[in-house]
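2 protein chains.
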Amino acid sequence: MRILILGGDGYLGWPTSMRFARLGHEVHAVDNYLRRHAHAEAGTDSLTPIAASLPERASAFRGVTGLEIGVSEGDLLDWDVVERIFRDFRPEAIVHYGEMPSAPYSMIDREHAVFTQTNNVINTLNVLYAMAEFAPDAHLVKLGTMGEYGTPDIDIEEGFIEIHHKGRSDILPFPKLPGSMYHLTKVHDSNNIHFACRIWGLRSTDLNQGVVYGIETEDTTLDERLNTRFDYDEVFGTALNRFCLQAVIGHPLTVYGTGGQTRGYLNIVDTIRCVELAILNPPEAGEYRVFNQFTEQFSVLDLARLVQSAGKQVGIDVRVDHLDNPRVEKEEHYYRATHTKLLDLGLEPHLLSETLIESMFATIERYKARVIFDHILPVTRWRGIREGSAR
Amino acid sequence: MRILILGGDGYLGWPTSMRFARLGHEVHAVDNYLRRHAHAEAGTDSLTPIAASLPERASAFRGVTGLEIGVSEGDLLDWDVVERIFRDFRPEAIVHYGEMPSAPYSMIDREHAVFTQTNNVINTLNVLYAMAEFAPDAHLVKLGTMGEYGTPDIDIEEGFIEIHHKGRSDILPFPKLPGSMYHLTKVHDSNNIHFACRIWGLRSTDLNQGVVYGIETEDTTLDERLNTRFDYDEVFGTALNRFCLQAVIGHPLTVYGTGGQTRGYLNIVDTIRCVELAILNPPEAGEYRVFNQFTEQFSVLDLARLVQSAGKQVGIDVRVDHLDNPRVEKEEHYYRATHTKLLDLGLEPHLLSETLIESMFATIERYKARVIFDHILPVTRWRGIREGSAR
Chain A
1 MRILILGGDG
11 YLGWPTSMRF
21 ARLGHEVHAV
31 DNYLRRHAHA
41 EAGTDSLTPI
51 AASLPERASA
61 FRGVTGLEIG
71 VSEGDLLDWD
81 VVERIFRDFR
91 PEAIVHYGEM
101 PSAPYSMIDR
111 EHAVFTQTNN
121 VINTLNVLYA
131 MAEFAPDAHL
141 VKLGTMGEYG
151 TPDIDIEEGF
161 IEIHHKGRSD
171 ILPFPKLPGS
181 MYHLTKVHDS
191 NNIHFACRIW
201 GLRSTDLNQG
211 VVYGIETEDT
221 TLDERLNTRF
231 DYDEVFGTAL
241 NRFCLQAVIG
251 HPLTVYGTGG
261 QTRGYLNIVD
271 TIRCVELAIL
281 NPPEAGEYRV
291 FNQFTEQFSV
301 LDLARLVQSA
311 GKQVGIDVRV
321 DHLDNPRVEK
331 EEHYYRATHT
341 KLLDLGLEPH
351 LLSETLIESM
361 FATIERYKAR
371 VIFDHILPVT
381 RWRGIREGSA
391 R
Chain B
1 MRILILGGDG
11 YLGWPTSMRF
21 ARLGHEVHAV
31 DNYLRRHAHA
41 EAGTDSLTPI
51 AASLPERASA
61 FRGVTGLEIG
71 VSEGDLLDWD
81 VVERIFRDFR
91 PEAIVHYGEM
101 PSAPYSMIDR
111 EHAVFTQTNN
121 VINTLNVLYA
131 MAEFAPDAHL
141 VKLGTMGEYG
151 TPDIDIEEGF
161 IEIHHKGRSD
171 ILPFPKLPGS
181 MYHLTKVHDS
191 NNIHFACRIW
201 GLRSTDLNQG
211 VVYGIETEDT
221 TLDERLNTRF
231 DYDEVFGTAL
241 NRFCLQAVIG
251 HPLTVYGTGG
261 QTRGYLNIVD
271 TIRCVELAIL
281 NPPEAGEYRV
291 FNQFTEQFSV
301 LDLARLVQSA
311 GKQVGIDVRV
321 DHLDNPRVEK
331 EEHYYRATHT
341 KLLDLGLEPH
351 LLSETLIESM
361 FATIERYKAR
371 VIFDHILPVT
381 RWRGIREGSA
391 R
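Line by line, the protein sequences are chains A and B.
Read in order, the letters of the first sequence correspond to residues 1 to 391 in the numbering used here.
Read in order, the letters of the second sequence correspond to residues 1 to 391 in the numbering used here.
All copies of an identical chain are treated as equivalent in the list; a pair is satisfied when it fits inside any one copy or across any two copies.
With a straight-line Cα cutoff of 16 Å, these simulated EDC-like cross-link-like pairs (lysine to aspartate or glutamate) come out: (1) Lys-166 with Asp-155; (2) Lys-166 with Asp-153; (3) Lys-368 with Glu-358; (4) Lys-341 with Glu-158.
Calculated from the structure, these hints are not laboratory results.
Next comes chain A alone, as it looks inside the complex:
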């Protein structure tokens, strides 16, 4: 199958590109290095060294495996780029990771919010128009986030909910309560994609993904040049990955507030398998479906304790700090999200274990000389656009 990977240089996009090439698909990866530029701007970097450009990574992959990954360096905001890629490659499936993925980044200030909303919403619109024109039967696999739902006081369903109201009923989009300017873009995208399916008969799977952890897949470990990135800074780092790094370098784990915030989590290996399962089982023309893509729920404090306990096993004394929460979010709340659709398609979860955490410790240990200490503590605050003026 011809599979287009948008954001193919990223944490998930690069391992996904390698995985699909290995499975025998014709893969084309696109990226504009947005994530790399944002790190350069902030003075941060991936723990794992990513020195090679995307073409160089593809070339290293070919050297090691003999398998091809086509690449384009370009910005999906630029219609000429999108049009050319769709016209030339004629994808049968599109995996869309190509967005600015950071909540704190989007909350830095107005410019970052406007950039994030423009970048994510408009590049996805370009993809939808390119599909309608050049690949109307293709399947769009779009990465969304469980963060679109927020923390409602009822069980979260997979994208839609049957509502009974005043003696009637309908199955309608599940209400959303996104928690940052970035999370809002994913909701906007979901609405735009749903519309394109309803009106133009496109087909799409929206993967509302939990927080991904892990550093390695069977491809990244083949050769150091095939590494995927690993972020731990306050802007791009995510809970478990950051905690593992903090444990290794002797930094207290930075729990925001009480740590009662509960979310869905999954292993990077399962993320890639979920995308594969979606592609192997495409929706009908005109169908827009949503899968909640995570394997387990944890509170932030659960994770901190797991890392603390794994640390004990390997002789690291891990301290847990409760920081003043920079975000505006509920710290104690009901949380129960359905996630059976991917299991029904055959997902066999790699659950979180102390063994996995210890193996992450080992990988982090290898690169710990590269750690930049300045950007681990949270700086971006949800309130206070300008100190003292906004509330």
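Using the hints, position chain B against chain A.
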């Protein structure tokens, strides 16, 4: 009160500006003539002549009434413009009409969709950041649309719905099924504004407005230079206004499909009163509330028959044509939308009557030499981004 009217040159913005000036408020109107430019681009025009610029209209209003309306010509996408206006005027209330308001315009092609989404979403983001920085206690009265809800098979509530699910319940945003790229922008705006209220403690009323009809308010009739615009073309015209014009010029009424599409409608005089009621009764800090702003429900065919019957009274023989529907929408559907909140605040509706339609006929008669016949029939189709390629 210092009231900022965004989109103050438009069909509703201009009469709202005059009305609030008459009520003794300090009014500042902003516009970038987006609507005028879009008409110039398409070769269409308002039936009522709008020759004067916004400063000239304000000057004519001062000449006739002695009342002041401050004006700025500028684009809300430009942060420098927004920042300057908010810093200098320090509004206590903001009425935001300043968006591209046409569903067909947004569906012309990719460029028009991208422009509409960028313009509406980003200019509203700019307004939210300006409020947080310069006017955190101000009240944002944002014009939304009943079209955000689409046509669900349950009763539509005012912005939020109590959902009972698996033994629990919560009050959550009412699910949305917007029907065009334009309607999607209003949903995106609603989500962004709700977030700004939740996170920064701003206050806002989102007025999900029905289709507005009518040509005149007590201010527009004072002097021809104080006219508001009246659009009847396929891009900017709306159902009842267009039907009245078609009746007067002897054009068959253009009903799309069966005409069973049912929506909420209201008189332009009631629109302005609703905005006033919202401003007089502001929400709490941090509160985001939604009012469904319409007074009566009609199907398109109901309206066509009303116009036909009013025509009979004044000796016009009105023909009704059923055109192949250019839109993708249900033509026969359940529709029942709650709209009690504005009535509870004191709205006394001006209901649609044959008398009102006959008075619209008379005003249209006065200007009928100005009618441009070329752009009455629908051209923009929801399906078919490119003939034969998209579905």
